[in-house]
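Student: Line by line, the protein sequences give chains S and U. For the first sequence, my numbering assigns the number 973 to the initial residue and increments by one for each residue that follows. For the second sequence, my numbering assigns the number 973 to the initial residue and increments by one for each residue that follows.
Keep in mind that a hint or two might mislead.
What the hints assert, rightly or not - Stretch by stretch, here's where chain U covers chain S in the computed footprint (C-beta under 8 Å, at least three residues):
1) 1076-1085
2) 1104-1110
3) 1116-1125
4) 1170-1184
5) 1230-1244
6) 1292-1300
What the hints assert, rightly or not - To give an idea of the interface, some chain U residues facing chain S are shown, with a C-beta separation under 7 Å as derived from the structure:
7) 1113
8) 1117
9) 1172
10) 1295
11) 1296
12) 1314
13) 1404
14) 1408
15) 1410
16) 1412
17) 1435
18) 1436
19) 1439
Since the hints were derived computationally from the structure, they do not count as laboratory data. Where a beta carbon is used, it is the ideal one built from N, C-alpha and C, also for glycine.
Number of protein chains: 2
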Amino acid sequence: MAPLLLTTIAAPDRDLPTPLAVQLYRSLLDAIRTGRATGSLPSSRKTAIALGLSRNTVNAAYDLLRAEGAVDIRHGAAPRVLPPKVSDSAALPSAGARGGLSARGEGWARDGIRRSAGGIMAPGHPDETLFPRDEWAMHLRRAGRRRQGAGFAYADYSGIPALRSVLARRLTIDRGMQVEPDQILVTPGSQASLSLLALALAEAGDMALIEEPGYPGARNAFRGAGLRLCPLPVDAEGADLSGAPPARLVYLTPANQYPMGHRLSLRRRGQVLDYLNGTGALLVEDDYDSEFHWQGREIAALQGDAPDQVIALGTAAKALMPALRIGWIVAPRHIAGPLRAAQRNLGLGVNIHAQAALAEFMDSGRYRAHLRRIARIYGERGRALAAALRAIPGLDLPDPSGGVQLGCRLPGGEAGIVRALRDAGYGTAALSDYCIGPPQEGLITGFAEATAERIDRFTNVLRAALASFAG
Amino acid sequence: MAPLLLTTIAAPDRDLPTPLAVQLYRSLLDAIRTGRATGSLPSSRKTAIALGLSRNTVNAAYDLLRAEGAVDIRHGAAPRVLPPKVSDSAALPSAGARGGLSARGEGWARDGIRRSAGGIMAPGHPDETLFPRDEWAMHLRRAGRRRQGAGFAYADYSGIPALRSVLARRLTIDRGMQVEPDQILVTPGSQASLSLLALALAEAGDMALIEEPGYPGARNAFRGAGLRLCPLPVDAEGADLSGAPPARLVYLTPANQYPMGHRLSLRRRGQVLDYLNGTGALLVEDDYDSEFHWQGREIAALQGDAPDQVIALGTAAKALMPALRIGWIVAPRHIAGPLRAAQRNLGLGVNIHAQAALAEFMDSGRYRAHLRRIARIYGERGRALAAALRAIPGLDLPDPSGGVQLGCRLPGGEAGIVRALRDAGYGTAALSDYCIGPPQEGLITGFAEATAERIDRFTNVLRAALASFAG
């Protein structure tokens, strides 16, 4: 294949406001997408010389290309161009632009594309390089070779028995839940769990309480299902339900508030249980990072205190990989059966081999070893990023206590600062996007991929952006 | 492990109306579920002698246990008891029995459990023994070991580029569709496709036309989404739209009417296109068995004639395995983008390794060889079952021209006959369950698993049941 002629790409322009690395990244991506670059890219040294750039700049651009999935970079080898991809955020008309969807459908579509945007250090993204690929491939292969029996067709639509059993055991022991395997529904992930619950447990027009700022996935699913949303203020003790109106559903992230990272205090846990008791509402307890938590999590899930009124959600997205598309619902006993029937008609099924691989892996000692390893690494990266941000005048935030993202409030200038970070390839999100009421300004950044080099570059871009935009 | 003591199980009673094989099957299943039978079951010879039964009866019972997933039977070895399963149709309360779900949720739950019932020769079930396990396991392993890049998280939520490309190519060539990869949405199967379309393209209260008899999955999804359903009569030319009221959605299975097996005639194709033209309705063309069709299918998909008004559905369930949970939507260009956003918020994602394995397998010559093989076998089995049924006085039906099930009308006694077949372990369904208007009586039976021995047993049970119930 013909190597890329560096003379055919636009040299980055120092007079433009866009960082040189981003300009180079865009030129190279364009060359790849139009088929001018195939095979391998020149080494960063060659490119740096040819275009009069520093090698750091070129490496940053290559890192962005890798995050985009446009090239594969292996140690010591030149970046290899990967086959072109059809992007989810490609130039298709956005929701509502040309009709076609019903008003209800536009409710379901709202903000759906934006959430797939990606970028380095995007909120909630784990680090792919820590995914145990060989081990997973081995389990997949074994699962693929096995006869599946009744599970081959539609019998185990809400999850194969082996996975439901191991999940019930782990959630009982690790999270203090009261759960039998037949209360578990395996779903294609938390987003599917949320839309199933919103559609099956509430009517359009029913009230739901959600944290403010809170998880956009819950907001989008509840909004799609036509619920009215009432924001609950969040402070260092987590969500505050005092004065909350009666509601059908309450959505909380008690173990690690998403995205701000607080843990629900004991006092507030009592408040939540009193509220459930008084109103008969159902609590959706999103235990999204329960599969790994890297500080002592001595407090059990709320589900264990009120198993008839709490529906707990979990996911394999953080401990393993979002693209596995495996999550689970722990449903109260009297709801599990009907919910399973609704799951069947909504079509929320999960690939059987992925389920079997997860069940087998979770049942092995190596799963715990994997969790310990990523918990250590994410802990270090999260604390390093928080420390680097605290070193910037005007920013203040605590060390994260779990999860794979942290939130940091800004004194102002959110839109420009987020744009600058995104232009530089970061998946950083605006805190205002996590609000349904008056927007709060801030940044939400993932830290699972936050290596020392990336933190350096990130804080450099951020410092410059703060100087330009934060007044 | 202790072998099963045959003296501990109830001996089948010839005076009961239930077939001896079914009685034995139930006793053994009970012994397995309560833990009295572990390890291996006695050979059919030993069991036959101990209980005074014929070996055929014992083998039939063992075959039922295998279909249930309770035992594994290998050539020449005694049946091995498999670990107990949590059944989807377990003794949980059914929808609405104790509340918990909203009225909308009960709409979604309706008939959801019944559809997972299973049994041998259930409608729409392929034969697991024909699934290319080793090949699939190899592709899965390769996919598992690969770096996924941007697809690792949420970027390719509507399907990985490799799969969308190969699907677009195949659907263009094999089915005459007008489709680019970015019009394809990969979903967790046809049921997910149907609920996405119903929620995103129509409002509650909108009218949808569906075939009568027709596919229960479409009925359940549309009903869940609150659509009003209008039945279209089906005859030997397929569905008849003459006099149909204006509607938002029309659901048809033109290539092979589900469940009766007719192909939409050329005249009726014209009628459908005129209707779309006149009303602006959207057609959902369920091309569910397009991945393999075992008679010349010279007529292309309707999608190719009206790509802006037709949404085509496909699935890997028939050619490979339902539990892969992979289907796809071919959306009109102006709808694809917003539909993708709605898919994201509904959480209808598919495991990435299964997608990659399918893309790689479809792209290999061995996929065509697999399709040719199953088409030949299913063709033989379908014709053999149809011939065996025609040999029964009072039953008449044509040879099936595709699919993995056939429909046969009954002169009466449907309920009793279906019960007798289900008691004997068959997944045969009542035609009346496929109707929304006045019930039509008949049987819907899968033939993918219809070996000669099973056809014999099936027709014996059916003859006896017809004598008892068909007046």
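Student: Take the hints in turn and mark each one as holding or not.
Tutor: Quick rundown of the hints versus the structure:
Under a criterion of three residues with beta carbons nearer than 8 Å to beta carbons of chain U, the stated coverage of the segment 1076-1085 of chain S is upheld, 9 such residues being counted. Coverage of the segment 1104-1110 of chain S by chain U holds. Counting CB-CB distances below 8 Å, 5 residues qualify, and the rule asks for three or more. Check result for the segment 1116-1125 of chain S against chain U: holds, 10 residues qualifying (beta carbon to beta carbon below 8 Å, three or more required). Check on the segment 1170-1184 of chain S: 7 of its residues sit with their Cβ under 8 Å from a Cβ of chain U, so the three-residue criterion for coverage holds.
For the segment 1230-1244 of chain S, the proposed coverage by chain U is not satisfied: 0 residues have a C-beta within less than 8 Å of a C-beta in that chain, short of the threshold of three. Restraint check on the segment 1292-1300 of chain S versus chain U: 6 residues with Cβ-Cβ distances below 8 Å, three needed, restraint holds. Interface hint at residue 1113(U): satisfied, since its Cβ lies 4 Å from the closest Cβ of chain S, which is below the 7 Å cut-off. Contact between residue 1117(U) and chain S, as hinted, is supported at the beta carbon level, the nearest pair being about 4 Å apart and thus within 7 Å.
Because the beta carbon of residue 1172(U) sits about 3 Å from the nearest beta carbon in chain S, less than 7 Å, this interface hint is met. Given hint, residue 1295(U) at the interface with chain S, holds; its Cβ is 4 Å from that chain's nearest Cβ, closer than 7 Å. The restraint placing residue 1296(U) at the interface with chain S holds, with a minimum CB-CB distance near 6 Å, inside the 7 Å limit. The interface hint given for residue 1314(U) holds, since its Cβ lies 4 Å from the closest Cβ of chain S, which is under the 7 Å cut-off.
Interface hint status for residue 1404(U): violated, as the beta-carbon distance to the closest one in chain S is roughly 19 Å, over 7 Å. Taken as an interface hint, residue 1408(U) does not check out: its beta carbon lies about 15 Å from the nearest beta carbon of chain S, beyond 7 Å. For residue 1410(U), the interface hint is violated, the least distance from its beta-carbon to any beta-carbon of chain S being 24 Å, above 7 Å. Annotation: interface hint on residue 1412(U) violated; nearest CB of chain S at approximately 23 Å, more than 7 Å.
Interface restraint check for residue 1435(U): the shortest CB-CB distance to chain S comes to about 27 Å, outside 7 Å, so the restraint is violated. Annotation: residue 1436(U) was flagged as interfacial toward chain S, and the flag is violated, the nearest CB pair being 26 Å apart, outside 7 Å. Using the Cβ-Cβ criterion of 7 Å, the hint placing residue 1439(U) at the interface with chain S is not satisfied: the shortest such distance is roughly 31 Å.
In summary, the numbered hints that this structure violates are 5, 13, 14, 15, 16, 17, 18 and 19.
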